[in-house]
Amino acid sequence: MSTSDHGHDTPAPKLEPVHGPGELYGLLAQYDTPGELKDAAKRVREAGYTQFDCYSPFPVHGIDPAMGIKRTILPLIIFGGGFTGALGGLALQWYCNAHAWTWNISGKPTWSIPANIPIAYECGILLAVFASFFGMWIANKLPQVWHPLFRNDKFTTVTDDGFFIGIEAKDGRFDAAKTKKLLEDAGAIAVEECRLDPDPASKQMPKWVMAMIVASTAFALIPFAIAAKARNTHSSEPHIHIFPDMDFQPKYKSDTAMDLFADGRANRGEIPGTIARGWLEADSVFYTGAAKNSDGVDVYTTGFPTAYPDGRTFAVDGALLARGQNRFNIYCTPCHGYDGQGDGMVPRRVKLRGGLWQARNLAEAPDAQGKGGVVEQMPNGLVFSRITNGFQTMKGYGAQIPAGDRWAIVAYIRALERAQNASVEDVRAEDRSKIR
Amino acid sequence: MSYPTKTLHPDEKIKAGDLGKKISRVGAGIAVVGLAISLVLTMSSGADPAAAGHVSKWSRFLHAYVIGWSYIASISIGMMWLILLHYLVRGRWVTVVRRLCEAMASAFPVVWIVGLGFVLPVLAGNKDLYYWTTDAAHDPILNHALAHKLGWLSPGFWGVRYIAYGAIYSGLAWYFAKKSREQDESGDAKITDHLRVVAGPGMILFAFTTCFLAFDVLMSLLPKWYSTIYGVSFWASGCVGAFSALALLVLYTQRTGRLVHSINEEHYHDIGKWMFSFTFFWAYTAFSQFMLQWYGNLPEETVFYKYRMFGDWQWMSIAILVGYWAFPFVFLMSRWTKRIKTTLVFFAVWQLVFHWIDLYWNVMPNYDWSVHDGLNVGPLAGPIANHHVGLSGVDVTVWIAMIGFLLVGIGRNLKGNLIPVKDPTLGLSLAHEQL
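Top to bottom, those sequences are chains R and W.
Read in our numbering, the first sequence has 338 at position 338, and its numbers run on one by one without any break.
Read in our numbering, the second sequence has 400 at position 400, and its numbers run on one by one without any break.
Hints are computed from structural coordinates only; laboratory data are not their basis.
All residues carry an ideal CB built from backbone N, CA and C; glycine is no exception.
Some hints here could point you the wrong way.
[Said to hold, decoys possible] Straight-line alpha carbon distances no greater than 30 Å define the calculated BS3-like cross-link-like pairs of lysine-lysine that follow:
| # | chain 1 | residue 1 | chain 2 | residue 2 |
| --- | --- | --- | --- | --- |
| 1 | R | Lys70 | W | Lys22 |
| 2 | R | Lys42 | W | Lys6 |
| 3 | W | Lys415 | W | Lys341 |
| 4 | W | Lys190 | W | Lys6 |
| 5 | R | Lys70 | W | Lys13 |
| 6 | R | Lys70 | W | Lys179 |
| 7 | R | Lys154 | R | Lys181 |
| 8 | R | Lys203 | R | Lys180 |
| 9 | R | Lys108 | R | Lys141 |
| 10 | R | Lys178 | R | Lys154 |
| 11 | W | Lys179 | W | Lys6 |
| 12 | W | Lys21 | W | Lys179 |
[Stated by the list, open to error] Computed beta-carbon distance windows for the label pairs:
| # | chain 1 | residue 1 | chain 2 | residue 2 | range |
| --- | --- | --- | --- | --- | --- |
| 13 | W | Trp336 | R | Gly88 | 24 to 32 Å |
| 14 | W | Phe212 | R | Pro402 | 45 to 53 Å |
| 15 | W | Gln314 | R | Trp111 | 31 to 39 Å |
| 16 | R | Asp431 | W | Ile141 | 24 to 32 Å |
| 17 | W | Ser288 | R | Pro402 | 34 to 42 Å |
| 18 | R | Trp111 | W | Asp48 | 38 to 46 Å |
| 19 | R | Asn104 | W | His388 | 35 to 43 Å |
Given these sequences and hints, build the entire structure.
Below you can see the structure in the form of structure tokens.
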């Protein structure tokens, strides 16, 4: 390594006098153009050298055959990656959907190839890209943070306009003088010896790098260690709160104390001139299904409201039943089923997984002793109230379904009961002969 | 990065000479014989057209005609697209084969005239090809779903659009070929710059035109059906055919001793790459269309697949999946299948056949007009079992006649220089190399 005759202001390696000139790594030859580089590479290859490489700022057309480099096997690696990904994607979906956790979604099959193609395709692309990216790293021996040629000052131009050939000393044909002559004959504008750093410490990884690797590896294991500990021990300590401001929000809930206001309450009273939700719902039967009787006791109505709040007449007619059927089919059928017998998709899934829960049969008629047929025996107002407020496992639908539609559903439930407990007398006399 | 360049080989034969005349003559022979056999077959046919809901025997001939015409039109259109793309992205490798591409794209006027064979009957009141021309289609009760489409699908307006398509494709092809030949004389590099500017709006025009052509000619055979990706799929399938045809045309030109020094395996490799990518892209669009309609399960969309997924046609669907996509996809993926001429030619011919099968699969299930009633009475009704693939001789002879017409169209344009000798990208194209 002879940096002194360059005239650069880069200081010469300071350790050289202490450790001697350093082991010869090889010869570095610079060429003027990509064409000369290619010709030189060809001559070096034809001279029988194998341990050499070309360096250029950009890919040079035809350098691979000039250097005698075989075609990369990267495409095969990518194909393998893509194929594995596609099959793996299919296998994943089969395992999740059709094997480990079969789940009835609207009666669709759990295993269906067309539906699985997009995921398989994406997985195929993903692994093909990974194989391409990391395969390229491995094929190019990356990541390589340092190379002996970096010690040569001229070599810095390799990212700009320099074209180089480096022949390593470990090549069987390497002979400092002959090799130099070959490179010069091939048109090199400069040939320089390149030596390894003579300091023995340079051959080892710096201690601080090792320390960083060990420390970061240990650090990365901490979450796993905590999770493992938590799974295998009992503790009376409270949870670790990773996001305390989410767990303990700076707010007051209703009906709690608060020092800020004179009355010491977190609640603020009604603001003058405003009306709270529900205050305008004066028609008790229409909005709750019940009205106070003469004794001041709430009694559920057995009939229907007589008018809508806006003054229209409330008529139990075909239009109301059609509306009721429409709303019922949207909101009620998932549990109660289309016929109201309690055999909707949700109870079916429960049964598939061995559960016993079943939705109420809305259409059931009471037997001679008056048992069963719970809904049929309820006054209309109570059915309305159950829809509004919910009952047992059923949540209230008051917030989702407007009151008028809830009454329409009540009417439709009555129609379902009537239809499923009909007798011959319900059929028009002239049509009875058609029944077999 | 510096690109290597080369100059034209001094011994290169670049004059077309009698090449075009030969191709035209063979094409004319094929077309005349094919058409004559088709007419004889149609007139002597014993099949009962009423069984499929039609009035005359010509219905089958017209359906076959639409398939064959779409086949040659899509090939010509596909090459127009390559020319536009070449200028739009400052392409280089195409330059050496561009005259051949231009010849294929410039075949469109001939293709357009041939298309009058099914357009004129429709304009003259034929009600056996397009369901939207029938009286039943205009029944507002029976075909409520069609009522709002009949303004667009009226023979007069449809015919006007056919004229527009012809003008746009022919105009684009003519303009690009003309300017390129002007450059052969003047050597003016500005012509290339100019065409690069034209290619941008040209590409947009091309995209819309191709989409609407596919809607009007092919998709309106099943007028109650909806698919927005249909035009893309038609174009992608057409490009598979176009690049396959280009490979064969280049090879034949070299067989006659022309361009032997200029076009080498590097260029074949690129043609093969396009065959490969459009094979995949076609499958991608076709699957996108299928996937959404199958999953959405709406009757006005699934009607298309209902008649192709069950009965006889499902075997053809599977054959297309395997033959048009899986098999060529796996083999064209390799570098060597594209560089060895034998394998490239094999797949070019293979894909050209399957391109026709794909169009056949698109059109022929609509031949039995119970498909249109199927949508009226419900998504699962309709006699699927009656739908047979039922390949008839006319289907094939019309197709062959159409190939003849395409050859006539191509041959007409093979004259003068077969290579754009003064194109500024020619040197780069000659030295083209796959990294």
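Go through the numbered hints given earlier and state which of them the structure violates, listing their numbers in rising order.
1, 5, 6, 9 and 15
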